Each structure stands twice: as structure tokens, then as C-alpha cells.
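**Student:** Given the structure of chain A, go ahead and fit chains B and C onto it with the hints provided.
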Amino acid sequence: MAEPILSVQKVSKHFGGLTALNDVSFEMKAGEILGLIGPNGAGKTTLFNVISGYYAPSVGRVFFKGRNITGAPPYALAGRGIGRTFQVVKPFAGLTVLENIVIASFLRHPRRAHAEAQAWKVLEFTGLADRAHVPAASLTLAGRKRLEISKAMALEPTFLLLDEVVAGLNPTEADRTIELIRNVRDQGITILIVEHIMRVIMGISDRLVVLDFGMKIAEGTPAEVAANPQVIKAYLGEEHV
Amino acid sequence: MVLLPQALVDGIMLGATYIIIAIAFSMVYGVMHVIDFAVGEWIMLGSFTGFYLTLWIKIDPLYLLPLVFIIFSTLGYFLQPVVQRVLSGHRGNPLLMALVFTFGLSMMIRGLAQTIFGFYSHSIPSYFSTRSFFIKEGSFFITISAVRLTGLIYAVVITGALNYLLKFTDFGLGVRALAMNKDAAALMGVNNRSTNKFLFGIYTGISAMTGVLIGTILSISANMGGDYTIFAFFVVVLAGMGYLAGVPAAAFVLGLIQSMFLVYLDPGFTLVAVFGLLYLILVISPTGLFRKGWG
Amino acid sequence: MLIPLTKDRRLLVFLGIFLAVLLLPFVVHDAFFIRLFTEAAMWIGLSLAFDVLAGYTGYLNFGHSAFFGIGAYTTGLLMMKSNWPFYLALPVSALTATLAALIIGFPTLRLRGAYFSIATWALARAILQGIMMIPYAGGNEGIQLKAYLNPLFFFYVMSGLVGVTFFVLWFLLERAPFGLKLKAIREDQESAKALGLNPTKLKMQAFIMSAIPTALIGGIFAYWVTFIDPASTVGDLISDQALVMVVFGGMGTLIGPVIGAIIIFAFKTLFWAYLSAYEVLYLIILGAVIAISVVFLPDGVLGAAFRKGTGRHAKGSIHVTTPSPEKEA
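Chains as they are written, first to last, in our numbering: chain A, 2 to 242; chain B, -11 to 283; chain C, 312 to 640.
Just chain A, same shape as in the assembly:
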């Protein structure tokens, strides 16, 4: 069994009196897609923030490719190969789509000409090439989400954190994004994905981890998790898309 690419070990995160994450542990193999689900407020984005360096955990450690990355800042992790998108999409509004991606490309290609060339490749991969010189702020929501993914891809990551990249899109756009995610995985990139739309995350994930009130309550294949009574209880009343 190969060493896990990501290892989250007994991570807890407290904000004053509020416990957002409580003793969460799991591992990920290279090349898999792990879905992170749970009711609202379960701590999914907090976990993302811990793994991507925006928060340091109160307790516990995170290992990436065997190295301890607990508490390392986000910009250091980008260099290590971790990319992420944000739930509330945040393009650099005053710049064009191309400029947005070039900034990310600078990480691996310090020279401007190379960075631009690489950015164009990313644009083609994610399908935004026709809008390269458009101001980022004028993109539709679908375009913005796609731009988020493009920026993360430009970092040439080995590990990608996708936070709700499908939410808010219409079915056609959603399907195209799902295909994009599959293409990303085919490039050999490991993906940790958060998504509320059940049909999407059930369909795309190899395995799932379920959080509720900051604790891990289940882990396994989509079929196993769907049948888990605790999971059903946590989601009681929520509609399945």
C-alpha cells in the first residue's frame, strides 16, 4: 500500500467556545477523488481552510506527501503542490481572465513569457480561451467558477481542493464542470471535493467522508455511506438532488 498523499490526524479546531472540527482523521491515496459531505455548518470549509493553511488546527496534524504541513501558510503550500478554490468565488476583479491565471502561473514560471504561455494552455484545458481578455468581473457565475479552477490548475498542483464548484450552476454547466473534474483527475491530480449536490458528489467520488457538527461520522464508498443510518439521520429532511 503506497503512502497516503494526505493524512489528516486528529484535527480539531476551536474558535473561542465554538468547536468547528472535532478529532477528524482520514487519509487519501494519490489519484483518488474523495468527497467531503455533511449538513450545513458541519465544518467542511473549516477543514479545507486547515488543510490549505488558512487556519492552524487547535489540535492535530496534517501531513502531505509524508511531510508535516500543519500551520504552514497557504503560499508555502501552493509551492508544495496544493491548490484550492473558494466557495465564494473571488477572481481578481480589476484584471482580465488571462491576467488572473498568469498570476498563478508565476509560481512555476517566474518569467512572464513562460507564465503567459502556460496560462494559455490552462485556458484551453478549462475552456475559457475565448474569454481571455475579458475583465474577470464580467464573467457569469459559471465562468467565474471555471476561472477559480483554472487558477488552481495553473499552479500545476498534485492535489486539488474543490469547494462547491458545481453549486449554483444549471444542469448543463454542472455536467461540463463534472467532465472538467474528471479530466483533472485523469491528469493524475488527487482531488478533495466538497459539494452539496448529491448526485454530483455521489457520482464523481471514489470515496466519501461525512462530517456532522465537526466530527467524522462515516467514511467509505458512496454506496456504503448512503446506506449508513447515522448519515441518513444527519441528513434527515434534506432533499436528495
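Keep in mind the hints are simulated off the structure, nothing from the lab. Fair warning: there could be bad hints in the mix.
The calculated BS3-like cross-link candidates involving lysine-lysine, where the alpha carbons are at most 30 Å apart (straight line), are [what the hints assert, rightly or not]:
hint, chain 1, residue 1, chain 2, residue 2
1, A, K30, A, K234
2, C, K512, A, K66
3, B, K280, C, K512
4, B, K185, B, K170
Quick caveat: nothing in here was measured; it's all calculated off a predicted structure.
**Tutor:** Just chains B and C now, kept in the frame of chain A:
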């Protein structure tokens, strides 16, 4: 050592006036997210208005406070939409641009004041400034001038009025809701635009009124605005931006610092100390002494 | 924006203009005009330096004059009290400015935009008051240097410095990755972190880049006018005018501040020539220009002339303006 109680008392009463400025200023920040660089200028305008009104109408300035309030709250009410436009229009950083806008505004007002009022200092004469109370406790001797006492009473009254406004009226409820969550409040029927206009008007009215009071206790000049802007920033930052409950303590700290410097050290040092402290606070704890402000 | 060919052509234009400026004294012989152009160059330089932090990084340094004063006093004191020659004293100004930028910037650059402005504003005023109380620095009365009356010398030194500053900044901010990275920090710092950018480091670099030219200009100013005091060097007017010039001209473009500086300076000169009786009006007009620029010219004069329409975004755009309770990491 003999002077200490006097310094303390003076400091507290000075602090009382600062509370009002800071509360109004902080309220505007909390709801509109605007830091008004011109706060000192409103105070200055109010003080000169009081000065000239007293001169012409021959009524004691302290009785003119409501009139000054009405004049300036109306002014603020109609000025607010311009500020609003800056906040919603700018592409980059609306808060910063609003600061720049109010900065430009303060320059204009100051220039206007220098043009109209000249460079001399004045003091607003009041019946109350001639009266004092004396307290003798053992070997300690404290003079409490009537104007400063009025300042304290004024502070208490206005604070009480604002408190009542915020907690027990519908308007106040709207203000608090807007401060917490602009969009949700709007969805619940709070008229964002008119509430902002009234709030800004209250703020300018109160600042101007306080200017009159300051004019009776201390002196006024066309250039005084900058100092009071610093004082307002100081109190609000120390208290924590948007955290109204921290204002009284912070205001008293400022008042005490000022009066200590006046009594024991060179008053010229006051400003260095205040500026320096403001800088330090922003650096050590931008969320204020109680760490409850918006950093 | 990312079209290299156009940029190269623009660079040639700039070089041409710069050469023309350097050849100016061969055409204009009147010392008065030489001095005028020297001062114009000074303001162009100050505006450029201001724009690095303001336009590209999104931080308005309301205490910008502090660097000017530090540069002026460093050069002035070294020349007057320690008898250093000008060409040795001037570079030291760059050193003290860098030191000051590190000390001031380290705690303040963590703050958000508006708080940074207030903090630097307060600090500059504190420095102003502080200098007035140091006898070694001449206190309130300032210091007097040995006069060197050679308008041509100062014209070339000032223009040369400002020209070099422009080209260095143009390269760093418009051609090299640095400028784009700064803009990313300006637009969304948290998002930029995820892309591998270290905001603190970048902001500090920009701060130093803003401080050095300003201090050097201050040093030249000290030797040029031979008399400096706190009010003329650390006072508000330096920061205020730089602010107006940049906001009016167009932030974050380098060219905008140049245009803004020229226009505002021209106005200032004409004003003082004909309306000096109404000196208080100047303050009113400056303030009005700032206020009007913010409301009606969000991209400055340059933006209004060239970029109609790309400035405004639809409502509900990305920029999150609600203050967050956490301090920046």
C-alpha cells in the same frame, strides 16, 4: 500631587465630551462602514456656528445647542447620498475611497473655514463659564467649572438619548439590524437609504453640537478640526471600531491623558503622545482594547 | 494589457520624451523656468512613488511626507553638521528611508487599507511634532545648508532621478511579474495567498519601493532649497498634493500620476502666480479636486480618457466589503 484630583476630574469631564463624538462616529462606521475623516471639521463648523449665533442673537450658546443640531443634522441628511454614491460606485476599495473622499471634504471645509473665519482663536462666552463649584476635601481642593459640568450632563443625556433611540425605537432597531447584516435587514423591510440618511444627519448634528460645547470649555480655531479628528479616531480605535460599549472607557482614557499632559507636562507633547499611542494601538491591537472591534 | 508589442512602442515614446526633457535647457535659458521644471519633475517623482503603494498595492500612505522629510533631513544634516559632500550624503537618505520603511511597514502593512491610512497619517504627524522638539535637527526653525546656486545642476539631478525612477518602476510594475502580483494582493489578498503569493513580503517590497525615490527626492530638495524645516518637509502638503495628483491622474497606471502631477502642478503654479492673495482657496480647491475625482473620476483623468466602461462593475460583484472579525494573518 495636590493637583492630581483636579487633573482627574478635568480629565473625566473632558472625556465625557469625547464619548459623544466617538459614539456618533462609531455608529456611522458600524452601519455605513464609512470612516469620516471630516469628523473634526463638523465639530469645528458647529463651534463657529455657535460662536457667531451667540454673537448675533445674544442667547447663551448652551441654549442654542438644539438649533445647531437641527442645522447640521439637516446638512448631514442631504450630504449622505453623496457619500453613499462613493461607497457603491467605486470599483476597487469602496471603504478606502470613502476615506479619501471624506479626506478631501475635510480639506475643503478647513480651507473654507480659514477663508471665512480667519486664523484667530476664539472662545465662546457663556454664562456658565463664569460659574464654578468648589469642593474641599481635607487638603484637596477641586474646582468644577459649570461648563464642564454641563459637558458631563450633556454627555450623559445624549448617551441616554442615543441608547434609547437604538434600543427602544423602530429606527434604532433598523440601525442595529443594518449594522449586523445589511442585506438581511433590507430584506426585512429596513429602508437602508433613509436610515443611513437619518443616521448620518444625527452624527453630523451631534458632532456640531459638541463643537459648541467644546468652544465654551476650550477654544476654537479654523484649524482645530484635525486635532479632533485624531481624538475621534483615537477613541474609536481604542474602543474597537463599531464596538459602542467600549467608547466610554476609551474616551475617559483620552481625557485623562490630555489633562495629565496639561497639568504635569508640556501640552505640545499631548499630540505626539496621542498620535504615537494611536499608531501603537493600531499596530498592537487593531480591534481595540477589548478586542471586540472590527480589525 | 498583456500585449508586448504595444508596450515596446510606448517605451520608445517615453524614452523620446525623457530625452527631450534632458535637452530642454538648451532651448530654455531662463533660470526661472529651469527651476519650474525642476519642481515639476519633483512632483512627478513623488506621485510615481506614491502610486506604487496606492495604485498597485491598494494602500494609501497618508503619511507619505514622512519619507520625504527623512530623506531631506538625512541629507541635510549630513551635509550641514558632518560636512559630507552631496553625492555621498544623498545615498544615505535611501538607506534611512529603507530602514524607516521596514520599521514602519512591518506592523502597519498588516492592517487593512483604511486603518493603514489612519495609522500612517497619525505617525507622520507624530514624527512632525517629534522633529520639532529635537534640537539637533534644528527644532522648529529648521536647518540651513550651504547654498549652491546652480539651477542647471539641480534640474539634471532631479530630472535624472525621476526619469530613472520612472523607467525602473515601469519595468518592475508593468513588464515584470511584480506589478501583477501587487495588483493581485490589492484585489484579493486571501485569494492571492492560495496562489503562492506572500502578501507581507510583497507589500513591504512595494513600501520600500515607494520610500526610496521619495527620500532621494527629499534629499535633493534639501540641497536645492538650502533651508528645510519640519513644516515644509514632513508637513501635510507633500502627502496631500501627492494624493491629489495620483487620484486625479489615475491610480495604478504610472502614466496617470505623471499626467496628474503635471496638471495639478501647472494649476498650482498659475494659482500662486495670479491668485496668491487668496491662498486659503488653494486648500479648498485641492480638497474639491480629491472629492470630485473620487466621485466622478474613479480611474482618474487617464481612465476617463481611455477606458470608458471597464471601470464599473455590475452590482453584486465579487468584492466583499463586509469587515471580517479576524485580523489578517
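**Student:** If a hint holds in the structure, say so; if it does not, say that too.
**Tutor:** Quick rundown of the hints versus the structure:
1. K30(A) / K234(A): holds (29 Å)
2. K512(C) / K66(A): Roughly 27 Å separates the two Cα atoms, so the pair holds.
3. K280(B) / K512(C): holds (28 Å)
4. K185(B) / K170(B): holds (15 Å)
When held up to the earlier numbered hints, the structure conflicts with none and fits them all.
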